[in-house]
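J.: In case you want the letters, here they are:
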Amino acid sequence: MVLLEARHLHRHVAGRLLWQRVGFTLEPGQCLMLVGPSGAGKSLLLRVLAGLDPPEGGDVIFRGQSQQTWSMPAYRAQVMYLPQRAVLMGETVEDALRHPFSLNVHAGVRFAQQDARNLLRGLGRRDDVLEQMTANLSGGEAQLVALTRALLLRPSVLLLDEATSALDVDATRQVEALLRGWVQEGERAVIMVSHDPDQQERLATAVLALGAQ
Amino acid sequence: MLLSVGLSAWLKLGLGRDILIAGVRMTAQLLLVGLILDWVFRLNTPLPILAIGLVMTLLAAQAASSRPRKRYPGLLLDSFLSVFVSSFLLTGLTLSGVIGVRPWFEAQYAVPILGMVLGNTLTGVALSLDRFTGDLSTRRGEVETLLGLGATRWEAAHPLIRDALRTGMMPTLNSMLVMGIVSLPGMMTGQILAGEHPQNAVRYQIVIMFVLAASSALGSLSVVLLAFRALFDRRDRLRSERLRGQRDR
Chain A
0 MVLLEARHLH
10 RHVAGRLLWQ
20 RVGFTLEPGQ
30 CLMLVGPSGA
40 GKSLLLRVLA
50 GLDPPEGGDV
60 IFRGQSQQTW
70 SMPAYRAQVM
80 YLPQRAVLMG
90 ETVEDALRHP
100 FSLNVHAGVR
110 FAQQDARNLL
120 RGLGRRDDVL
130 EQMTANLSGG
140 EAQLVALTRA
150 LLLRPSVLLL
160 DEATSALDVD
170 ATRQVEALLR
180 GWVQEGERAV
190 IMVSHDPDQQ
200 ERLATAVLAL
210 GAQ
Chain B
0 MLLSVGLSAW
10 LKLGLGRDIL
20 IAGVRMTAQL
30 LLVGLILDWV
40 FRLNTPLPIL
50 AIGLVMTLLA
60 AQAASSRPRK
70 RYPGLLLDSF
80 LSVFVSSFLL
90 TGLTLSGVIG
100 VRPWFEAQYA
110 VPILGMVLGN
120 TLTGVALSLD
130 RFTGDLSTRR
140 GEVETLLGLG
150 ATRWEAAHPL
160 IRDALRTGMM
170 PTLNSMLVMG
180 IVSLPGMMTG
190 QILAGEHPQN
200 AVRYQIVIMF
210 VLAASSALGS
220 LSVVLLAFRA
230 LFDRRDRLRS
240 ERLRGQRDR
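Line by line, the protein sequences give chains A and B. First residue of the first sequence? That's 0 in numbering that gives the first Met the number 0, and the numbers climb one at a time after it. First residue of the second sequence? That's 0 in numbering that gives the first Met the number 0, and the numbers climb one at a time after it.
In short, the hints are calculated from the structure, not lab data. Errors might be hidden in some of the hints.
Heads up, incomplete: computed chain A residues facing chain B, CB under 10 Å, no partners named [as the list claims (entries may be wrong)]:
id	residue
1	I60
2	G63
3	S65
4	S70
5	N103
6	S155
Cβ pair distances, simulated, as ranges [said to hold, decoys possible]:
id	chain 1	residue 1	chain 2	residue 2	range
7	A	T91	B	L2	56 to 64 Å
8	B	L76	A	D94	50 to 58 Å
9	A	E184	B	M169	32 to 40 Å
10	B	S136	A	R15	17 to 25 Å
11	A	T91	B	L76	23 to 31 Å
12	B	G244	A	H9	27 to 35 Å
Note that the structure is a prediction, hence the values are computed from the model and not measured. All C-beta atoms, glycine included, are put in the ideal place defined by N, C-alpha and C.
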């Protein structure tokens, strides 16, 4: 079974061909790592997969249905994109985690405080983290909260843009362990951009190299 | 004016030239307007008056659209449409409904009221548009995070739309709060100086203030909605590549 598939994607930026004939299939349990030099368009590919950037050519197919025919909120609730710089809306961490539950597309899901606590504990956060002010979080902590926020919404595919770039070694290992467990728990998969060759070794089940034509 | 120029020279402000130019321009422009209004008031067909109203609207829209630091193609048209619809609608309602001018296009009423409405609508439109496009560029991370979590374009833009409308309405609401206490409005002052009974002048002023507030609200709302339509597409994407910085002046 194929969860997400990309066919013949190509993209120009400022008149320059960034990538072409990009294709892959993503099956449940997989973790696809996007690698390539800076400026190769790794983040842009994630944005195209999330439907945040218009595609130039090719097609993205999720659960056998072209992205073009999905309603975008429903699609993005399933194929969830986390930008490199986490933005948290709300005063406290709990507010930030609750915030997306007010969106129409998540009307059927309820915020479960215990799940949030468990996830954050698994990421090595203290128990009072839910009451912390988002403005006081470090970049790394904000990344962890953003990851938790996404996981609480139960997506099928996570698109992670350097989700561990601001984390220390321990926290990075905890995120990796969490993701490894998460993809095994259902029809789930991860696509991530990473600059860390060791992370590729530890986590990737497949690798897609951009900018190496 | 001589006093200002003298002060500027004495305090070495270097404003003498600017004050002179501003003073001469203001005098010349108002004298010219006096002549034009004199001629317009003697017309009694609606077409030339409508044409003058359109030119005034175009100039107002142009002024409103020159303010935003972030621009997009079609911004001038959008600001023209919102200034035009809200000002003409509210001026028309005032003339025919509230004041009950017969005929409704009587220039002595239509031109000054349209002018006042345009001035206020222009401020509202310019401020809210500037806030909205500026926010879309500085708060892009927030908007795209929401879209990425499954927000519709409307859900993602809603906080920014609300802030933009609040910014656009601020000057009108502020001036309404202190009106009569801190400031005596220019129109009322003019009427009183021209010998009108203060209570009559006040009545006109109250009506005008509500009209100004309504027009500036309607103008802000429509320009922000038009900008929203231009900068988000049907696939719930923010098209930030359509936003450009202020052209070099």
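J.: Hint by hint, say whether it matches the structure.
T.: Do the hints match the structure? See the list:
no., hint, verdict
1, I60, "violated (16 Å)"
2, G63, "violated (20 Å)"
3, S65, "violated (12 Å)"
4, S70, "holds (9 Å)"
5, N103, "holds (7 Å)"
6, S155, "violated (12 Å)"
7, T91/A to L2/B: 56 to 64 Å, "holds (57 Å)"
8, L76/B to D94/A: 50 to 58 Å, "violated (40 Å)"
9, E184/A to M169/B: 32 to 40 Å, "violated (51 Å)"
10, S136/B to R15/A: 17 to 25 Å, "holds (24 Å)"
11, T91/A to L76/B: 23 to 31 Å, "violated (43 Å)"
12, G244/B to H9/A: 27 to 35 Å, "holds (29 Å)"
The structure fails hints 1, 2, 3, 6, 8, 9 and 11 (numbered hints given earlier, in ascending order).
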